[in-house]
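Colleague: Below, each chain spelled out in residue letters.
There are 2 protein chains.
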Amino acid sequence: MEKIKIAVDTLGGDYGCEYMMLGISEALAEYDDVDIIVTGKEDEIRKYLTEYKMDESRITIIHASEEITCHDSPVEAIRKKKDSSLVLALNQVKEGNAMACISSGNSGAILAGGQFIVGRAKGVKRTPLAPLIPTLTTPSLLIDCGANVDAKAENLVQFARMGSIYMENIEGVKNPRVGIINIGAEDEKGNALVKETIPLLRECKDINFIGSVESRDIPNGVADVLVCEAFVGNAMLKLYEGVGSMFMAEIKSALMTNFKTKIGAALINKTLKKTLKKYKATDKGGAPLLGLKGLVVKIHGNSKNTEMSSAIAQCRSFIVNDVTGKIVTAFEGGE
Amino acid sequence: MEKIKIAVDTLGGDYGCEYMMLGISEALAEYDDVDIIVTGKEDEIRKYLTEYKMDESRITIIHASEEITCHDSPVEAIRKKKDSSLVLALNQVKEGNAMACISSGNSGAILAGGQFIVGRAKGVKRTPLAPLIPTLTTPSLLIDCGANVDAKAENLVQFARMGSIYMENIEGVKNPRVGIINIGAEDEKGNALVKETIPLLRECKDINFIGSVESRDIPNGVADVLVCEAFVGNAMLKLYEGVGSMFMAEIKSALMTNFKTKIGAALINKTLKKTLKKYKATDKGGAPLLGLKGLVVKIHGNSKNTEMSSAIAQCRSFIVNDVTGKIVTAFEGGE
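Those sequence lines, one after another, are chains A and B. Taking this note's numbering, the leading residue of the first sequence gets 1, the next gets one more, and so forth. Taking this note's numbering, the leading residue of the second sequence gets 1001, the next gets one more, and so forth.
The hints are simulated quantities; they were obtained by calculation from the structure and are not laboratory data. Since the model is a prediction, treat every value here as computed from it, not as a measurement. Even for Gly, the Cβ is constructed at its ideal location relative to N, Cα and C. Keep in mind that the hints are not guaranteed to be accurate.
Said to hold, decoys possible - Okay, the calculated bits of chain B under chain A, using three or more residues with CB under 8 Å as the criterion:
1) 1005–1016
2) 1034–1046
3) 1174–1184
4) 1190–1197
5) 1231–1239
6) 1255–1263
Throw the hints in and build the complete structure from the sequences for me.
Modeller: Structural data, given as structure tokens:
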């Protein structure tokens, strides 16, 4: 059996090597067909390798003498810190030793490194960052939330196709509903970009385009793939997180108001936590940067072992289902 | 004493004339210096005039034989339904009989009517819709959320100025902090529009520009005025509402899970409602369409009396403080 090789950058996240290694050990226990290439500080990695009793034959260690932090300028860091854990991990994909790479480090550097080091797949003009966002029903893929602002209509059409392929193959959604983020429901609404994109999407026979989606309806799960330009997507994604945190803070503070509310809080605590768990979405993997020659997955800076093992499962699924190959095939006709 | 005259469209909202008239009666009781011009169905208006024992000398009734509904195409409706309650109310501002107009009707028609009927004030190039959004601290003005998509940098600079003047005069915020919505905190981040706008804002001596704001931080109340292009603003505003509703729905459903959580719910209900009340924001008036020759305020379609009386207070404050005059003065140098 040929092993699925995934590169993991253990530095750059808030919790350091320890939790990344724990996540790796969990994933290795679950998937026999996966091997991991780990980049980071060798002594640290070896320490947790022993501590978590991991099978050394399934781990390749690459020592990094440098680290890219959140204070580094992304493009400069990728160019200059050649021996950083992130660059080393991305190099593994570039050189074909790994098929995917996961990092919890500097977001901008991950995006820049994905494009500059791994490179775009054949036919892909822009590589969108596409996180899953939780809704009242099933999660939706918000594509693009990345650093490629000021996209053109043809880019948005590619995002729609890549998003559909991702949702079908990774999330198992049959005939995924594709909507475009707009300021109204009718086709004549929108800015110049959206008005130009809508007729192009209507022409695509390989996607299930359902028209415009107003962002008010996103939380109802009205579409599986939400297409938008990266500036809009980034603003919405961060607002989604921000408003979520705001409500959590308000509710917590309300529950701690007095003795009566504290008793109430004790009674509802378990159920409420269970209900709101999906908004933390630790088990959904990270945000994939799509359309590259290999897969690059960005996980949150505050990720722990569960996020890491989920991201490994996500990469495995991406590779097993040959999503990159399917994207390239889908774009062949359109070039 | 010269009276402050405000035109109110009583049709087009979800709750009809009854609640609009109740809101008017409350505002008249509070403010001696305000008179109202009411447009709508005369017989209905007269009915509530009597029922709420209102002072007829302070009310002028203009009968409307037509009504613009949410199904009407905005621009067409404004052009063709000349005898609709909305067009009649806007005409009162155009003709100088009223200084402001309030409507809970078709949003697009209100925006179109404001521009086509009332018209832009001297020096104003675009008229932004600028609602206040609740945060963990004080509300922020999100400018523009309207229908004027694809704005230019010079428009965004005008929005920053108008927003500052509004927050200083209507909300009483001294030296309001102006931020621009961006995908990162640094000046080199952004799309082409934002990158072009930032240096222009840094040059403005009459505003307190604090730089880029990531939408994740909006709920923390990091800026008093949040400048953005209308497509982005509209997407964020609607998402804000949508995510709010989603959390309310999730919490309600969690609280109703079983006997234990229902008891808990009873204990926290009052406090939780009080905490979350500000997110309904019924007492903050409506969304002003700024930069017109008079003020046009759009209140939610589901507005009742409290929203109406707050919007009248908001219009009164706008007029007493001569916000339009201050905007015109601020723009004179820049033309």
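Colleague: For each hint, tell me whether it holds in the structure or not.
Modeller: Hint by hint, here is what the structure shows:
1. With a cut-off of 8 Å between beta carbons, the region 1005–1016 of chain B has 0 residues touching chain A; three or more are needed, and the interface restraint is violated.
2. Given a C-beta distance limit of less than 8 Å, the hint that chain A covers the region 1034–1046 of chain B is violated, as 0 residues qualify and 3 are needed.
3. Coverage of a stretch by a chain is defined here by at least three residues with a beta carbon nearer than 8 Å to that chain's beta carbons; for the region 1174–1184 of chain B and chain A the count is 3, and the condition holds.
4. Given as covered by chain A, the region 1190–1197 of chain B passes the check, having 4 residues with a CB less than 8 Å from a CB of that chain where 3 are the minimum.
5. Figure legend: the region 1231–1239 of chain B, annotated as covered by chain A; annotation consistent (7 residues with Cβ-Cβ distances under 8 Å, at least 3 required).
6. Requiring three or more residues with a Cβ within less than 8 Å of a Cβ of chain A, the coverage given for the region 1255–1263 of chain B holds, as 6 such residues are present.
Figure legend: structure checked against the earlier numbered hints; hints not met, in rising order: 1, 2.
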